[in-house]
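This is what each chain is made of:
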Amino acid sequence: MVESSTRSTFWRGFWAGMPFTLAVSPFGLAFGVLATEAGLNLIEVMSMSVLVIAGAAQFTALSQMQENAPVIVVLIAALAVNLRMAMYSASLAPYLGPAPFWKRAVAAYILVDNSYAVGVAEFEKKPEMPIAKKMAFFIGCAIPVWFVWYIATFAGALLGKSIPAEYSLDFVVPLAFLAILAPMLKTLAHIAAALTSIIVALTLSFLPYSLGLLIAAALAMAVGAEIERRSGLVKS
Amino acid sequence: MNYSTAEIWVIIVLMGIGTYLIRFSFLGPLGRWQMPPWALRLLRYTPVAVLPGLVAPLVLWPAATEGVPDPARMLAAGTTLLVGYFTKNVVASILSGAGVLYLLSYFLG
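Chains as they are written, first to last, in the working numbering: chain A, 1 to 236; chain B, 237 to 345.
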């Protein structure tokens, strides 16, 4: 009885995660195409998608690599984009913390923007759900996006080989970034952080090794956080 | 792109390990540690702090034109941003930006 209801919770999660495949597949496809056009081979493209599963960070690494940035700069820029996941991890810990170690280790691998958003919304609604069901729901809601990310990257990498270079596909990378970015501009604090990032990055673009970008990102985070703190003080 | 095979693999593997450790942090070894509110606030802004600074030079000084500003690309970027902001639809925003770019490059030569 318990087992079958855990299973139905898994499927409930699965269907809750399904709509996100529509948003994720074009990114995976675009990543596969562009990474191939940039000169990565099929195994390298697929390894990155399997090991990293994070679109924004993968595009970041790719654009830094196209500029021939030093390896350490590619890594810092890509991992900086993924730092937000520490926040996801911290925010899921109260719900998934009681689960066995190996299940938490698996959950961490498939912790992406979409599974976090779906999972945390469900747990906030039903905090009394037993831990086994919470974990089943979380794994379930991550699976569609997880597999579609692999498949879409693979299809993109195959496609990339057959698309001639003169289609100015290079510009799809910035467009993909902007499409990820636009819905994130939810509050004044987010918009201020984005503007800070643009102004500082352009002003410091003469610095070597994308150092300007790293400085811009650090300042922009501080601006966003400070505005949020002040507006929070006003409210309370 | 001008990397040795070994460098490419270093990037892929370390990105994978680093990203996993970030994801596992509080679900795993740091589970008993409570992140201070100011740290959570800072982390909330990482994507909007990194991505705009990354995109801005790509839009203003595109590699394809060897860094010469290109009105078609700027308008395409603006279109994607606006459509994305108002519709929150990823496919629609990329396609509308790409549509603007191809139309303008066709008419402007």
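The set of hints was computed from the structure by calculation and includes no laboratory data. Treat the hints with caution; some may be incorrect.
Claimed, not checked - Derived, one-sided and incomplete: chain A residues facing chain B with beta-carbon distance under 10 Å:
#1 A16
#2 P127
#3 I131
#4 I143
Stated by the list, open to error - The calculated lysine to any residue pairs, modelled on SDA-like cross-linking and capped at a C-alpha distance of 20 Å, are:
#5 K186(A) <-> I139(A)
#6 K103(A) <-> A69(A)
#7 K186(A) <-> R280(B)
#8 K324(B) <-> A121(A)
#9 K103(A) <-> G252(B)
#10 K324(B) <-> A16(A)
#11 K186(A) <-> L276(B)
#12 K324(B) <-> P26(A)
#13 K103(A) <-> K324(B)
#14 K133(A) <-> W11(A)
#15 K324(B) <-> P130(A)
#16 K161(A) <-> T241(B)
#17 K324(B) <-> T187(A)
#18 K125(A) <-> W146(A)
#19 K103(A) <-> K161(A)
#20 K324(B) <-> L340(B)
To be verified - Reference listing, derived: stretches of chain A covered by chain B, where coverage requires no fewer than 3 residues with Cβ under 8 Å from a Cβ of chain B:
#21 34-46
#22 72-80
#23 105-113
#24 144-155
If you're wondering where the values come from, they're calculated on a predicted model, not measured in any experiment. We treat Cβ as the ideally placed atom computed from N, Cα and C, and that holds for glycine.
Query raised in the report: Of the hints given before, which are not true for this structure?
Result: 1, 2, 3, 4, 5, 6, 13, 15, 18, 19, 20 and 24
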